[in-house]
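Number of protein chains: 2
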Amino acid sequence: MTSQRDGLDRFYSVIPAGGIGSRLWPLSRADAPKFLHDLTGSGSTLLRATWDRLAPLSGEQRIMVVTGRAHRAAVEGQLPSLADPNVVLESEPKESSAAIGLAAAILERREPGVIVGSFAADHVINDQNAFRRAVVAAVAAADAGYIATIGITPTEPAIGFGYIRCGEQLDIDGAPTAVRADSFVEKPDLETARHYLDDGNYLWNGGMFISRADVLLAQLGESEPALLAGLSELADAWDTPRRGAVVDRVWPTLKKIAIDYSVAEPAAKAGRLAVIPGDFDWDDVGDFAAIAKLHSAGGPSNLAILGENARVLADSSSGIVVSQTGRLISLIGVSDIVVVDTPDALLVTTSANAQRVKAVVDALKLSGSNDVL
Amino acid sequence: MTSQRDGLDRFYSVIPAGGIGSRLWPLSRADAPKFLHDLTGSGSTLLRATWDRLAPLSGEQRIMVVTGRAHRAAVEGQLPSLADPNVVLESEPKESSAAIGLAAAILERREPGVIVGSFAADHVINDQNAFRRAVVAAVAAADAGYIATIGITPTEPAIGFGYIRCGEQLDIDGAPTAVRADSFVEKPDLETARHYLDDGNYLWNGGMFISRADVLLAQLGESEPALLAGLSELADAWDTPRRGAVVDRVWPTLKKIAIDYSVAEPAAKAGRLAVIPGDFDWDDVGDFAAIAKLHSAGGPSNLAILGENARVLADSSSGIVVSQTGRLISLIGVSDIVVVDTPDALLVTTSANAQRVKAVVDALKLSGSNDVL
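Going line by line, the protein sequences match chains G and S.
Heads up: the first sequence at position 5 corresponds to 5 in UniProt numbering, and the numbers run straight through without jumps.
Heads up: the second sequence at position 248 corresponds to 248 in UniProt numbering, and the numbers run straight through without jumps.
Do not take every clue at face value.
Put simply, identical chains are the same to the list, so a pair is met inside one copy or across any two.
Listed next, the in silico DMTMM-like pairs over lysine to aspartate or glutamate satisfying Cα-Cα at most 25 Å (straight line) [as the list claims (entries may be wrong)]:
no., residue 1, residue 2
1, Lys-365, Glu-308
2, Lys-187, Asp-371
3, Lys-269, Glu-92
4, Lys-187, Glu-308
5, Lys-358, Asp-336
6, Lys-187, Asp-173
7, Lys-187, Asp-236
8, Lys-293, Asp-315
9, Lys-269, Asp-31
10, Lys-187, Asp-239
11, Lys-365, Asp-31
Think of the hints as simulated: they come from the structure by calculation, not from any bench.
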């Protein structure tokens, strides 16, 4: 077994930057997905904040970003230190198994024994020190041969997240809090979520996976051999002149499947998944209610306002206003309201209905209203 | 006493077109007041609909419009048959006593014995026949020397209107339903409004006043002699080359007072005010809740949509959307909502808060945000 430092030396960060974030329409769009927005009011986009969180761990030269071709310019504009060989462009979205698996396969060929950690481009974490401690422990677990994940200690019976049921304590050098993952469970209803919270043995699935690249790929190959074969072919050609031709031929054939299903759940069933409890704030800011909550926690006002040129006049109202226009927005006596004002589309809903925004996007797709998607 | 026909022959309609309609901000503005909007979806503006209601009674050549200088072009554009001498322009708003009093004074000089009827430019009445019957009766009462008003039979305990308490039956040729007005009462609270409705002796004050011009002016002179003197000076000069100079000197000095206070209430106290019960629909569409109600009564949908190019996607929502932009407006799960989308200002409130819109306009004035007023 190598030392903790050795593991970190071989650590590479991977940021899959793919999802549009349909529940954040009309702010998030096909051409301006969630990760390109500053949803916290920090002045940084979610992507940039993710980069800044990872750079101290792996170094800027050891961060790979997997994103769509259409977002290349925006991504490189926000991450000027992103090394050219570390930009992996998808010709079409194929979900997280393909994105993370390809990154792992490319990096394993460049640097056998590499440890990869994948971190979504559009999550929010404020406690940087606690995050780093958890990643360092996860790298130690990965170095010990586990597929590691960081499970977030729940602070409320959230129904918008998946959960991990924790099992026995593991004995891993450098990861004293690591436990074995018993199973992954889907987003629960409120009653079940309350039971999970009371039980104390459940953590939120933060979607962060850290493991040796070869271990990750082997696990993927067990459940999805065809996908692994495709990714291997791509990785073999990646750093050669054949890349373009192979991408054109192979990428469209890849199966769309989330890495939770192709890797994490099978690994948990096989007892190979280690969970590092992460005792820090975390949110996937999945809808406008989540953004409103992020902001209301930070200040005394109960009306969150996002937007550089926001001009809001509110009289006894609460909720969130997102302003992308210079228009005056006046709210009178509306509670838990969500108002998203963009140049070509306006959304008015409530926090309680925030999850239903995706249904509107689906309806717009069906009606052919692609101009506002 | 002259015959009913004789009275109508001497009838002249006056339309004071002055109020901005602050409770309908940001739809109604200083440069686009309420009366210039089509709030009913009929295809006619409120001003044009008022004209069309009065033309069969007085004839198009006998309708005078009193409006602000800034609105001359819009008013003349909507009323192409409006005779040039019948356009009375205010250099600044001075409320209804000055507007209606000046019209009466000008017309009395042009045509002694004229009967004037003043009708707000921004009210909604659908039952044209019942309206005409009431006006014909009011003209008969005016011809008999009364100041007449049309009181609307209440259909609900409205708190947004003033009420008229009715007294004894009058015996007027051509106005068999006329009663004496006992008193005018201000907008009541809900409990009082319910009492009025149950009592059966109260009518809504529709703000329509019909009387001989000389009678109206004499009544005005009793309560506001200085105002009458100013109006007389203006009227004496009106159809002469001195008009401009006299307007510049006198108009700014006129007292601002509603005709309800200067004429109607004193006339009621003196027993000179006749009320014709008007058994027709009537609304002053004072706020967005009123507009929503107008529309919901007309169709099965509980979401009223105003705006020629409105593009609304609504999922289990009710209330009203006013769209002045081509933007897509999406509503999800909001009840009794009011959304008014204009190029430079957006309002989001609820029907229950519709009356509070005026407070926002006041706040905007105080903060110097004149660009959106």
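Okay, the hints, checked on the actual structure:
1. Lys-365 - Glu-308: Classified as between: cross-chain Cα gap 24 Å, same-chain 29 Å, threshold 25 Å.
2. Lys-187 - Asp-371: Neither way: Lys-187 and Asp-371 sit 32 Å apart in one copy and 48 Å across, limit 25 Å.
3. Lys-269 - Glu-92: neither (31 Å within a copy, 81 Å between copies)
4. Lys-187 - Glu-308: neither (34 Å within a copy, 43 Å between copies)
5. Lys-358 - Asp-336: both (19 Å within a copy, 23 Å between copies)
6. Lys-187 - Asp-173: neither (32 Å within a copy, 79 Å between copies)
7. Lys-187 - Asp-236: For Lys-187 and Asp-236, neither the intra-copy (37 Å) nor the inter-copy (82 Å) Cα distance is at most 25 Å.
8. Lys-293 - Asp-315: Both. Shortest intra-copy (20 Å) and inter-copy (24 Å) distances satisfy the 25 Å Cα cut-off.
9. Lys-269 - Asp-31: neither (38 Å within a copy, 70 Å between copies)
10. Lys-187 - Asp-239: neither (39 Å within a copy, 80 Å between copies)
11. Lys-365 - Asp-31: Within one copy only: 15 Å inside a chain, 39 Å across chains, cut-off 25 Å.
Of the numbered hints listed earlier, those contradicted by the structure are 2, 3, 4, 6, 7, 9, 10.
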